[in-house]
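Everything in the sequence shown is counted per the working numbering, starting at -4 for the first residue and increasing by one.
None of these hints come from the bench; they were simulated from the model.
Any given hint could turn out to be false.
Beta-carbon label-pair distances, calculated as ranges [stated by the list, open to error]:
#1 Glu25 / His62: 18 to 28 Å
#2 Ser53 / Glu110: 17 to 27 Å
#3 Gly23 / Lys109: 11 to 21 Å
#4 Gly111 / Arg21: 40 to 50 Å
#5 Ser95 / Arg116: 18 to 28 Å
#6 Arg32 / Ile114: 40 to 50 Å
List time: in silico SDA-like cross-link candidates among lysine to any residue, alpha-carbon distance up to 25 Å [stated by the list, open to error]:
#7 Lys56 / Gln91
#8 Lys24 / Lys87
#9 Lys109 / Leu88
#10 Lys67 / Gln91
#11 Lys15 / Leu98
#12 Lys67 / Pro37
#13 Lys87 / Trp30
#14 Lys56 / Met70
#15 Lys56 / Lys24
#16 Lys56 / Ala73
#17 Lys56 / Glu97
#18 Lys56 / Glu29
#19 Lys87 / Leu105
#20 Lys15 / Phe108
#21 Lys56 / Pro39
Computed from a prediction, not measured in an experiment: that's the story for all the values here.
Note that beta-carbon positions come from the ideal geometry of N, C-alpha and C, so glycine has one too.
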Amino acid sequence: CRLKHPMAFSRYGELQGLNKQETADRFGKEQVHEWRRSYDTPPPNGESLEMCADRAVSYFKDQVVPHLTAGKHVMVAAHANSLRSIIMHLDKLTSQEVISLELSTGIPMLYIFKEGEFIRRGSPVGPSEASVYAYTRHLIEVRSVLTFDA
């Protein structure tokens, strides 16, 4: 299933387009750390993780869950805060737990949707571990023809 949403990324406001060093130089390292690791403190003219979660989880519930309920497989690829927000919802994390959640770029997490519940099947330990999970015959066949670069 392929869905696109034009607002699926975090809005960084005045931080948009700046790299970490430029942001630290402009606003101070402590302030940047607070914005990046806070749940409810947004950067200037931007949005907090809490604000992003309102959008991302609403979209997930409205647009993704119906496809899962219909028996379709869905892959969600998004920016870190959108993914953190969805994972917070799926794993029932607190605002304190989600701010310490580290996501590895390009490493998938697999959830099984069963009887209206989400069950996390985990993710690879590190980037060198193969990141395709074989839970169906089709995925086993696909995995056997893939090669992975460490």
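Against the structure, the hints:
1. Glu25 / His62: 18 to 28 Å: The hint (18 to 28 Å, Cβ to Cβ) is violated, given that glutamate 25 and histidine 62 are roughly 42 Å apart.
2. Ser53 / Glu110: 17 to 27 Å: Given range 17 to 27 Å: holds, Cβ gap about 23 Å.
3. Gly23 / Lys109: 11 to 21 Å: With a Cβ separation near 47 Å, glycine 23 and lysine 109 fall outside 11 to 21 Å, so the hint is violated.
4. Gly111 / Arg21: 40 to 50 Å: 46 Å, holds
5. Ser95 / Arg116: 18 to 28 Å: Once the Cβ atoms are compared, 22 Å apart, the range 18 to 28 Å for arginine 116 and serine 95 holds.
6. Arg32 / Ile114: 40 to 50 Å: 28 Å, violated
7. Lys56 / Gln91: Holds, at roughly 23 Å.
8. Lys24 / Lys87: With a Cα-Cα distance of about 30 Å, the restraint between lysine 24 and lysine 87 is violated, given a limit of 25 Å.
9. Lys109 / Leu88: Within the cut-off at roughly 20 Å; holds.
10. Lys67 / Gln91: Violated, at roughly 32 Å.
11. Lys15 / Leu98: 17 Å, holds
12. Lys67 / Pro37: 35 Å, violated
13. Lys87 / Trp30: Within the cut-off at roughly 22 Å; holds.
14. Lys56 / Met70: 14 Å, holds
15. Lys56 / Lys24: With Cα atoms ~36 Å apart, lysine 56 and lysine 24 exceed 25 Å; violated.
16. Lys56 / Ala73: Since the Cα atoms of lysine 56 and alanine 73 sit roughly 15 Å apart, the hinted pair holds (cutoff 25 Å).
17. Lys56 / Glu97: Roughly 23 Å between the alpha carbons, so the hint for lysine 56 and glutamate 97 holds.
18. Lys56 / Glu29: Violated - the C-alpha atoms of glutamate 29 and lysine 56 are around 29 Å apart, more than 25 Å.
19. Lys87 / Leu105: 16 Å, holds
20. Lys15 / Phe108: 37 Å, violated
21. Lys56 / Pro39: Since the Cα atoms of lysine 56 and proline 39 sit roughly 28 Å apart, the hinted pair is violated (cutoff 25 Å).
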